[in-house]
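Protein chains in written order, with the working numbering: chain G, 1 to 58; chain L, 1 to 229; chain S, 1 to 244.
Simulated from the structure, these hints should not be mistaken for laboratory data.
Among the hints, erroneous ones may be present.
As the list claims (entries may be wrong) - Listed below are the simulated DSBU-like cross-link pairs for lysine-lysine, each with C-alpha atoms no more than 30 Å apart in a straight line:
#1 S:Lys-113 x L:Lys-57
#2 G:Lys-42 x S:Lys-14
#3 G:Lys-7 x S:Lys-113
#4 S:Lys-113 x S:Lys-210
#5 G:Lys-55 x S:Lys-229
#6 G:Lys-52 x S:Lys-210
#7 G:Lys-42 x S:Lys-229
#8 S:Lys-229 x S:Lys-14
#9 G:Lys-52 x G:Lys-42
#10 S:Lys-210 x S:Lys-171
#11 S:Lys-210 x L:Lys-165
#12 S:Lys-14 x S:Lys-210
#13 G:Lys-52 x S:Lys-14
#14 G:Lys-40 x G:Lys-52
#15 G:Lys-40 x S:Lys-229
#16 S:Lys-229 x S:Lys-210
#17 S:Lys-229 x S:Lys-171
#18 G:Lys-40 x L:Lys-165
#19 G:Lys-55 x G:Lys-42
#20 G:Lys-40 x S:Lys-113
#21 G:Lys-55 x G:Lys-40
#22 S:Lys-171 x L:Lys-165
#23 S:Lys-171 x L:Lys-57
To be verified - If you only want the chain S side, here are some residues facing chain G, beta carbon under 8 Å, derived:
#24 Ser-13
#25 Asp-49
#26 Arg-52
#27 Ile-53
#28 Trp-111
#29 Lys-113
#30 Thr-118
#31 Trp-122
#32 Arg-220
#33 Lys-229
Where is the CB? At the ideal position from N, CA and C, for every residue including glycine.
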Amino acid sequence: MDLDMGKYAFFVWGSYGVTALALLSLTVLSVRAHRDRAAKLKALQETLAAEKAQKVDA
Amino acid sequence: MGELKASPASPSLALLKRDLGLSLARGGGPVLAAGFYLTLMAMVPLSLGPEAQTLSKIAPGLTWLCLALASLLSLERLFERDYEDGVFDLLRTGPLALEWVAFLKCLAQWLGTGLILSLMTPVVMILLGAPVGVAGLALVAALIGSLSFALIGGAGASLTLGSRKGGVLIALLVLPFYVPPVIFGAGLMQAFVTGAPVFQALSLLCAYGLFALALGPIAMGAALRSALN
Amino acid sequence: MIISWLANPDRFSKVFAPVRPWVAGLSLVLFAWGLYLCFASPEDYQQGDTVRIMYIHVPAAWMALFTYLVMGVASFFGLIFRHALADAAAKAAAPIGAVFTALALITGSLWGKPMWGTWWEWDGRMTSVLVLFLFYIGYIALHASIEDEQRAAKSTAILALIGLINLPIIKFSVDWWNTLHQGASVFRPDGPTVAPSMLWPLLVMALAYKALFVWLWLIRIDTEILSRKYNGLRARLGFREGGA
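All chains should be built: construct the whole structure from the sequences, respecting the hints.
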């Protein structure tokens with residue numbers, strides 16, 4: 001492994017840094033949106049189920 | 001709503017007439033476009049300096065840029081009014097295919113604005129220092145180019161029907177598609193001014209014009225049908 | 001056919017939920033291996049250490065094009081066969097493609113400065129990629145501006161297909177333009193010739209990018225499916241409450 005980029009350090013690490021930042025942000029945003037949607041849907045489905053059960057009781 | 005009494009002999013002509021009337025009357029479409037175009041061109045020496053040498057060098061390309069920008073102006077209202085008024089629901093049940101209707105509307109729009117802009121193009125070019133001999137070719141190229149702009153722009157306008165943002169969104173969608181005609185048109189002028197053969201650039205510009213003629217109406221028809229459902 | 005079988009959103013969710021972690025794992029392994037190779041490979045005798053930028057630049061550029069192709073194909077299926085899932089697939093791919101395209105432009109710029117001495121060279125390839133980026137932005141903006149989901153899907157599908165047909169034309173026109181203005185070009189290698197020592201890191205990184213794309217795509221499609229289910233349920237609920 002050679003991690004000394006010499007005079008090109010700014011350009012090489014800059015590219016890798018920007019790439020890492022962008023791909024990680026995209027990943028985090030995608031996962032977060034997925035979780036958020038799943039949780040919301042689950043909550044709604046549960047309320048609906050509870051309402052149904054109540055109606056059956058009545 | 002405008003007149004829509006289609007004479008049975010030629011509903012196409014009736015529609016064209018009505019739309020042309022609207023585009024001429026509608027807040028002075030051609031005057032507005034021509035004014036915008038002239039204002040843009042007047043800003044050029046003001047921003048780049050009045051040196052004749054610089055201006056004559058960039059004049060051919062700049063007129064094409066300004067032609068493209070001016071073609072964007074009235075796109076927003078191209079279909080929107082008839083869409084909101086329900087005229088399209090009428091047209092849809094009429095004898096004309098939606099693709100043809102869309103084409104006629106673009107044609108009317110072009111007759112109202114693009115034609116005037118094309119006529120002005122050689123004049124502006126010469127005012128900025130291009131050689132007088134360029135006029136004929138510049139006019140032909142501008143006619144083809146502005147017709148392509150109108151058809152592609154129409155496709156962009158039809159896609160944004162029913163969206164919450166109008167004008168800027170259309171510009172964003174449409175401008176990338178204006179790249180080839182701008183390149184071919186400006187390249188043609190460049191070739192003429194430098195004395196290089198113009199055939200290649202002119203034929204490429206014509207090819208793109210035909211392509212826009214074929215693709216534009218198909219895209220507009222599909223988009224209008226989707227918007228009307 | 002397997003595509004039409006999977007076109008059922010519920011089935012799609014069920015089939016791919018257990019696949020996703022494996023794709024994520026694969027992507028991570030490939031990235032770890034690829035990054036190791038990126039820095040373990042020798043520097044180029046001409047380009048020095050900047051050659052390492054290529055290992056993330058070229059895969060990003062490949063994925064920028066590939067993602068647009070995916071969007072075009074998905075849009076085609078959505079438009080012709082009216083698959084709701086195809087609409088979701090096209091919509092889900094757009095932001096990923098936009099990010100890859102932006103990365104291709106940024107890393108290209110960071111590579112260009114030390115190599116050609118300029119941050120931006122108006123050459124055919126870079127200009128075309130810039131236009132591709134504008135396509136992505138236009139697509140996303142159009143989708144966001146139309147409230148009705150089905151209509152948004154249809155309008156953006158038409159846009160994606162027009163774009164797909166136009167991309168080669170724009171590429172051609174920009175290349176043609178480039179030959180007109182040759183004199184302005186500073187230094188234009190036609191891409192570096194790839195030595196075998198560079199091939200491995202490039203290949204592994206390309207696969208890592210592809211795996212990441214597949215994983216992101218799957219999870220974003222699933223988000224779309226969940227979203228629609230949620231909106232559908234709520235709409236029905238609202239209707240019931242309103243009617244009562």
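task = Provide an ascending list of the numbers of those earlier hints which the structure does not satisfy.
result = Structure breaks hints 6, 11, 17, 20, 24, 30, 31.
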